[in-house]
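Undergrad: Chain residues, written in single-letter form:
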Amino acid sequence: MRHALPLLIAATLVACGSRHEEVPRRAPSAPVTITDAGQQIDALRRGVPIDKEASPVLLPRVENFDRRRPVNYEMQPPTIPHAIDNYQLTVNTNRCMLCHTRSKAEKFQAPPVSDAHYVTRDGKVLEEISPRRYFCVQCHVPQSDAQPLVENRYRGIEGPSAPEAAR
Amino acid sequence: MIRSGIRAARNWIHSHLAPYWKAIRTPSMYYSLGFLTLGGFLAGVIFWGAFNTAMEATNTEAFCTGCHEMNDNVFAELKTTIHYNNRSGVRAICPDCHVPHEWTYKIARKMQASKEVWGKIFGSVDTREKFLKMRLDLAQHEWARMKANDSRECRNCHQYDSMDLTRQSPRAANIHQHYLGTGENTCIDCHKGIAHHLPAMAGIPQG
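Chains as they are written, first to last, in our numbering: chain A, 40 to 206; chain B, 710 to 916.
In case anyone wonders, no lab produced these hints; they're calculated from the structure. Where is the CB? At the ideal position from N, CA and C, for every residue including glycine. Take the hints with a grain of salt, since some may be wrong.
Unchecked claim - Far from chain A by the CB rule (all over 10 Å, computed), these chain B residues: (1) Ile830; (2) Ser878; (3) Arg880; (4) Ile884; (5) Gly902.
As the list claims (entries may be wrong) - DSS-like mimics (lysine-lysine), calculated; alpha carbons at most 30 Å apart, straight line: (6) Lys815/B with Lys842/B; (7) Lys788/B with Lys829/B; (8) Lys824/B with Lys856/B; (9) Lys856/B with Lys146/A; (10) Lys143/A with Lys856/B; (11) Lys788/B with Lys824/B.
Could you put the whole structure together from the sequences, leaning on the hints where they help?
TA: What follows is the structure in structure tokens.
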């Protein structure tokens, strides 16, 4: 019994020691870039040799300038001109409606959501945003500076890319 | 009956505690004044150091997330936010926001926090369901605390005077100037749920 106590303490100390393995940290290897991604027939590896790993492209930055963008077609849901990182849009709370609800819009100088968003599918007008319109980012999305993978000749109805006649 | 009880208690105190009281009031017979003064000083230093070390040990992330209630709920949520993971790697740990840094307020908060020990022992939020049920209550305590102390713990790092409004997005700069700069609102009025998921917010003003 007299020898058991030191043994017990030693065993406890060993058991409490750090057990996680250190992952060696290495500098990233030389980048293998994908060129002309939109034109590659091989959709999976996009022309990268089988023994190399493609470097991921840079993450695009979300545009955060707070000015309304022109819409591209009639009835287009306006895009969001600001970052919405970590805005909670859950069953519990809707961060967007903090500023965009009609009663607060003026205070925060935010465009209020349209009246149609307060109408249920049965035509009943609610005081709060209609459940079918609740999840804003189903239709309204922020935009980033990502470059399109393939060339796009679509011209919107307004803004700099619009055809002369429509402007 | 009561009077005899009081008398008995007084007699007990007199017979048991009076000798100690007498010893305390009598000058020392064996130890020198120097020993007693220096010894008292050293004992004080050691006691104070031990007290503070023990208290700081309860102010670490390892301690806070040592129980599954914190680790699986609120700490897991914190990890997705900018207060844990960001470009510069400066981050907040639990007590940065939830325990005042100034000593007096810290002790007061620590005493309140002893209720959490009670909660841990009796398992008041030991399942996810119980936690979700209590989340609004718990959150409201923190909001009330921050509202009452003008978001003191936010301002330990985020000082309005040091905010470069020109580097904020226009809408943030505008709102900060109008509501934070004038003292009309405090941080927590708008920035609820920046580090954890929000409870059901129906009817709760958020900005």
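Undergrad: Going back to the hint list, which numbers does this structure go against?
TA: Failing hints, ascending: 2, 3, 4, 5.
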